[in-house]
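J.: What follows is each chain in one-letter form.
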Amino acid sequence: MFKPTLECLNADVTTWEIGPYYSALPGPMKLKLRLDGEIIISGQVETGFLHRGLEKAFELNSWNSSIIYADHLDSEGAVFGELAVCLAAEEIAGISPPPRAQAIRLILSELTRISCHLNYAVKIGRAVGSETFTHYVLRDREKLLDLFELLTGARFSLSFLRFGGVKADVTEGFIERVIETCDLLRVRLKEYNDLLTFNQVFLKRTSGVGQISKEQVMRWGITGPNARASGVSFDIRKTHPYSEFEKVDFHVPVSNSKGTHGGDAHDRFLIRLLEIEQSLEMLKVFADKIPSGPFLETKSGSDFKVPRGEGWIRIESSRGFLGCYLMSDGGLSPSRVQFRTPTSSNLLVIPEVVVGLKIEDLPLVLASLDLNIAEADR
Amino acid sequence: MNLESISTISWISLMQDQLGTSSWRIALFGLSLIYGLIILPTGAVMSYLERKLRADFHARIGPSRAGHAGIFQPLADTLKLLQKEKYSRSTWTEMLWIGFYTMAFYSIVAVMPLGSIALLVNTDMSAFLPFWAALVLAFGTMVFGLSQDSVPGWFGGVRVAAQALAGAFPAIVAILCVGLQAGGFSWSSMAAVQGASPFSWTVANPFELIAFFAFVGGGMILLGIPPLDTGLSMPDIHGGVISSLYGKRYSLFRFSRFYGFFLWSVIAVTMFLGAWILPFGLSEILRLQERFILLGSLELLWILLKTVLLMLVVSSVAQVVPRGRVDHVTDFSWKVLSPFSLLALIGYTVWIGLRTFL
Amino acid sequence: MKISVFSGIVKYFQDVYQGFRSVMNSYSAALPYVLGMGELRKEVTEQYPDPISSKTPDDLPPRSRGILFNDIERCTGCRECKQVCPSRAIEIETEIRPDTNQVWVSTFNIDMAKCVLCGLCVDACLPNSLVHTRQYIQSAYNLSELMMSFGKGPITPKQRVNWEIARRIKENDEVLI
Amino acid sequence: MEILELISKINAAAPGAYLHKSRFGGSDQTSVWLDLRKIRDVALLLCNDPMIRLDWLENMSVAHVDDALVVTYFLRSWNDPRLNLSLRGSIVMDRKKEQDDRVELPSISDIWLTATPMELEASELFGIRFLGGSQSNSGSHSILPEGWSGFPLRKMRHSRGNKDV
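Chains as they are written, first to last, in my numbering: chain A, 1 to 378; chain B, 379 to 736; chain C, 737 to 913; chain D, 914 to 1078.
Bound-form chain A, shown alone:
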């Protein structure tokens, strides 16, 4: 399994346990490394330090509260959790949200995708120690958070979606601000590329580091940008279109870098920038012509019930395949909610990726996998 590299010292093998709380880890997790000199020859991951009993909390609370709890599945991209729960409940209850609500949901989910990818760029910038880039990206993500605050009133845990629609209609001037933010971000992307993406030092740091092959992607069920960076074009928005993604025309960027550098950290970084650009174009086209009409089917009170049944919903979150299995026994609260999160499969590949790395590259590779322990442990 361990391929000796040229820099391998054949020094004594030392073991090093990192975590559960450490500055370079993406969250509370434990890494058991075995080092040969400064080359990692094996690593095991142990998670479960952030288990909050989220799926149990769904069963103990009312249906409306389940949206609030879905916010905290992944606090960066809160909309995705809400959307999964709402779609599952609507599939069971046979509610079909009005087209305006669908459009607002689509806009929100794309904005959240952009903000999550910008957050990812911040992580990468921190890992390679490029402060300036980090500050620029954080400043631009602030614009998106302002958009969220303008529409929903909160910046992170939005709690905006409702069963059969959204909580409120778009405020006046929201669409215009979305479009102007898209124009601004397209200018910024150019800056990012000049500053970091094609900087020679950054290329040396990232290209060829932490490669994931197609076989590994299929073996461990990796989805989302990480899989597309390795050349596997799989996107739920195309295979199982939800909330009228079939009416929008967009193409999913797939990395086609062949040879020795396929699926490395730089591809994963680049594919996210391309996805930001793709979402910007999608929003620019779509935000103009959102259909008019009601934004909510029926206001659901505290005694909202979902008929007996079960539903299995797949959506494309910013990290990949987010599945939600929802079962209702017709009571006042869900009888079983279970999430299939992309991070749980991204974690599986770490023991294979870290082998042969330099210890200096470990934070970079961990950041480039875009792990979110909160959604893995639930």
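Worth flagging that the hints you see were computed from the coordinates, not collected in a lab. Quick caveat: nothing in here was measured; it's all calculated off a predicted structure. Relax, there's no trap hidden among the hints.
Covered stretches of chain B (chain A as the covering partner; in silico rule of three or more C-beta atoms under 8 Å from a C-beta of chain A):
(1) 435 to 441
(2) 693 to 704
Using 27 Å as the maximum straight-line C-alpha spacing, the simulated DSSO-like pairs for lysine-lysine come out as follows:
(3) 778(C) / 190(A)
(4) 818(C) / 850(C)
(5) 123(A) / 778(C)
(6) 430(B) / 143(A)
(7) 1068(D) / 305(A)
(8) 143(A) / 123(A)
(9) 299(A) / 850(C)
(10) 713(B) / 204(A)
(11) 247(A) / 289(A)
(12) 56(A) / 850(C)
(13) 56(A) / 818(C)
(14) 430(B) / 684(B)
(15) 30(A) / 56(A)
(16) 190(A) / 123(A)
(17) 818(C) / 305(A)
(18) 190(A) / 284(A)
(19) 850(C) / 305(A)
(20) 143(A) / 190(A)
(21) 906(C) / 894(C)
(22) 56(A) / 1068(D)
(23) 214(A) / 123(A)
(24) 778(C) / 284(A)
(25) 922(D) / 951(D)
Idealized CB from N, CA, C, for every residue including glycine.
Start from chain A and add chains B, C and D according to the hints.
T.: Structure of chains B, C and D alone, referenced to chain A:
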């Protein structure tokens, strides 16, 4: 070139004549004078300017609390750091690296070129002595890293040592280039071959320009100046040695880094950027009028101004370039800087040959 | 792979040039910020916690969800908000006012340490007495400061006596009339 | 490929495993009910058969419906991502035993590698002992706090751990 400018007046002998005390007292007085009046104030100004510059790069405000526009921020930081103190008692390993640092601080201040008047010691191999200080600093940092019982500390210490060895070579070759031009390695002779206008500086020569870049790059690697500070990077899984430092020791460490940077920039200015020669021939006028105090202070301000500007330019590289990996940094030194510095040496030799024969 | 010496040398110099040029590109992207060129490149940070220039609470968007406030005079003591609260942060106790059989909200406590500011209670509130304020700074030194109580307090015997007297007077007036 | 053909293949590979097929929830997705004791044979068939190649287990969800644990395997093929199927089966638990005894289920985490964390969660939260699983089914917790007794996601009155509602 005129002989007056070569024959510099050492101000130890001056004051010996006036005060009539023993020379070591005067040397001690001079050291404390240089530290108290030159290096520490420059460090404060430099840290403030660097933070403001970084803030400008980041589209931030920067320090704005202490004083007007945060002008007293370095003072506040120093006071805050001096208040903090480590709880555990200091071990002998700490004493070791602190001792090394102290050695590096006080060994060669006497040699530091701060103007023709302020030259305490002006030997014929002054140009090589700063290497000694820089290598002792690097050695102290390595000892400090190895003395921590943590994996990041060990890696950081070893990386600091590797960088020091890698960066020393191109810098030494660059100094040889300057020595070729000046015909000697004493500061005065290096200053003597340069003039006030940038076109009569040493860097005006294309080969010396290459040597200048090699010297500055080698110094950045030797002293671990960002973005080439792989041994000192703060998220300590990268191998940072300083992640366990705070309080007085941290302020000592920070000051040592500034001191190395300042020393390197001063000798870079002296060798390449027309040392302390005042513009408009002021040096000659004042020396002929024998107003040595005014001359010394003017030269000091002039060289300090150049030094601070050079330091700002160098430290702005870290704002646009991500931090490299340690093998990238050493490769950059061995595979890029060293060949180019050798190229500069050979080229300048040929240049001199042509100039003499033709 | 085998490459000739010449092409190796050329590649070496190309790499050096590429590195130099990429650093220059990074400078060209970042230097305009140092020189403060253009409207897009202004400083964006502000001094905190000094009075913030742009973000006073009134400048927040109309829907911004701040700390909760309950207008206890309009509150009817229906426990809708208590039922929908996902974090069980609201506690309500009511009594029946003896003279006019209205609901007397004696206790209405919101534990802002538990509250996640989701806004379900504000949606559910029937008399619209529970609202979000614009206030968003709620740091405190101990948890008890975060318990916000809006209740009128339990009915005291004195109040009972006063209401009794008032009722008597009213009855007497009616009798006289 | 056609669902009936698939069922015939399942019957040929693991006789008696197939119980019946139904529609999953309100969706158009077919779900095949199996006898979970023979799940390994079916899994080997579905994962390795060149005609089927359902080689991606996208999710394994367990739910406690009144007396049984219903286990659902959501399968998908990497070759044709639109082709998916869900296998289902139930483990009946008798009420007479106390609630913290583990039920048993053959592990498929060596056939579909993605099942590893899902089986770990199921074994801690539902008390399913996976026979021949990669991870150890010992008493030590990795998700729940140490010294926790009972399985929090089982629908029994006293099985809600320390939280009594």
